[in-house]
Amino acid sequence: MPIDTANPTLDFHTLAEHRSYLMKVARLQLRDEHLAEDCVSDVLTQAFEKRASFRGGSSLRTWLTAILKNRIVDVLRKQWREQPLELPNDEGGDDQIDRLFDAGGHYAQMPSEVRDPAELCQQDGFLAAVQRCVDMLPKRVGQVFVLREVFGTDTKDICKDLELTTSNVWVQLYRARMMLRTCLERGGFGNAVAR
Amino acid sequence: MLWLAKHRMLRISCQHASRLLSQRQDEPLPFGKRVRLRLHLLYCDACTNVSRQFTALRLAMQQWRERQ
Chain A
1 MPIDTANPTL DFHTLAEHRS YLMKVARLQL RDEHLAEDCV SDVLTQAFEK
51 RASFRGGSSL RTWLTAILKN RIVDVLRKQW REQPLELPND EGGDDQIDRL
101 FDAGGHYAQM PSEVRDPAEL CQQDGFLAAV QRCVDMLPKR VGQVFVLREV
151 FGTDTKDICK DLELTTSNVW VQLYRARMML RTCLERGGFG NAVAR
Chain B
1 MLWLAKHRML RISCQHASRL LSQRQDEPLP FGKRVRLRLH LLYCDACTNV
51 SRQFTALRLA MQQWRERQ
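Going down the list, the sequences are from chains A and B. First residue of the first sequence? That's 1 in the numbering used here, and the numbers climb one at a time after it. First residue of the second sequence? That's 1 in the numbering used here, and the numbers climb one at a time after it.
Excised from the complex, chain A in its bound form:
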């Protein structure tokens, strides 16, 4: 009779407690409820099958998040292959960002003043506004941003995972951040300053 080496404390119920967290992340990344659900179910099943390899060195959530990241990268890679961008420079956005600057490369409008970033994050509704703004980014720009900021993936790994060049990843992240900051300014965060 084979010896059961599986981690005895890790039952399916314990794993499933992290389901809503995984769904929240998958939804932000994939913007598709069904796809997110499929993905998270796969992750929980995989985690249960591989539970013997969870050593408890990291937290369970960290371990599950790593599995989710791999699963999501597979999904994104497939999506990107099936729907290649028609133009190499894709999805627009560049004009929108260039318009923020005048001909000399100066900001046409003074960016809102932020005295303390940590304090801004504490403001009521700020995190919810950030999430809304991320949801409004052009799809791929948002996907690269979430991979970077939610999963903490290195730009080198994003290049490898999504078959992008380094400069392309930088451009996507730059676009994401610039669009997010203008989106949040429109939402009234930060103190508007007259120039």
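Check each hint, because a few of them may be wrong.
As the list claims (entries may be wrong) - Calculated lysine-lysine pairs in the BS3-like style (CA-CA distance at most 27 Å, straight line):
hint: 1; chain 1: A; residue 1: Lys69; chain 2: A; residue 2: Lys156
hint: 2; chain 1: A; residue 1: Lys156; chain 2: A; residue 2: Lys24
hint: 3; chain 1: A; residue 1: Lys78; chain 2: A; residue 2: Lys160
hint: 4; chain 1: B; residue 1: Lys33; chain 2: A; residue 2: Lys160
hint: 5; chain 1: B; residue 1: Lys6; chain 2: A; residue 2: Lys156
Stated by the list, open to error - Which chain A residues stay away from chain B? Per the calculated CB distances, all over 12 Å, these:
hint: 6; residue: Ala16
hint: 7; residue: Thr45
hint: 8; residue: Arg148
Don't read these hints as lab results, they were simulated from the structure. The C-beta atom is built at its ideal place from N, Cα and C for all residues, glycine as well.
Once you have looked at the hints, place chain B on chain A.
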């Protein structure tokens, strides 16, 4: 110090500085770029605000992830 920061050999535009501000969130900047950006931030309030906005974005995403 300010004359040095605004010297045409070292001066960069806000548009250029903003790209570097984003890039430095992802990897360490090479020396030359780092110096130019630092000098730019000495006299540019606009980019100083943008820099703090980028920091706030990063913090916000961390907090968003942890809040559950």
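So, going through the hints one by one against the coordinates:
no.: 1; hint: Lys69/A x Lys156/A; result: 15 Å, holds
no.: 2; hint: Lys156/A x Lys24/A; result: 25 Å, holds
no.: 3; hint: Lys78/A x Lys160/A; result: 14 Å, holds
no.: 4; hint: Lys33/B x Lys160/A; result: 25 Å, holds
no.: 5; hint: Lys6/B x Lys156/A; result: 34 Å, violated
no.: 6; hint: Ala16; result: 14 Å, holds
no.: 7; hint: Thr45; result: 21 Å, holds
no.: 8; hint: Arg148; result: 7 Å, violated
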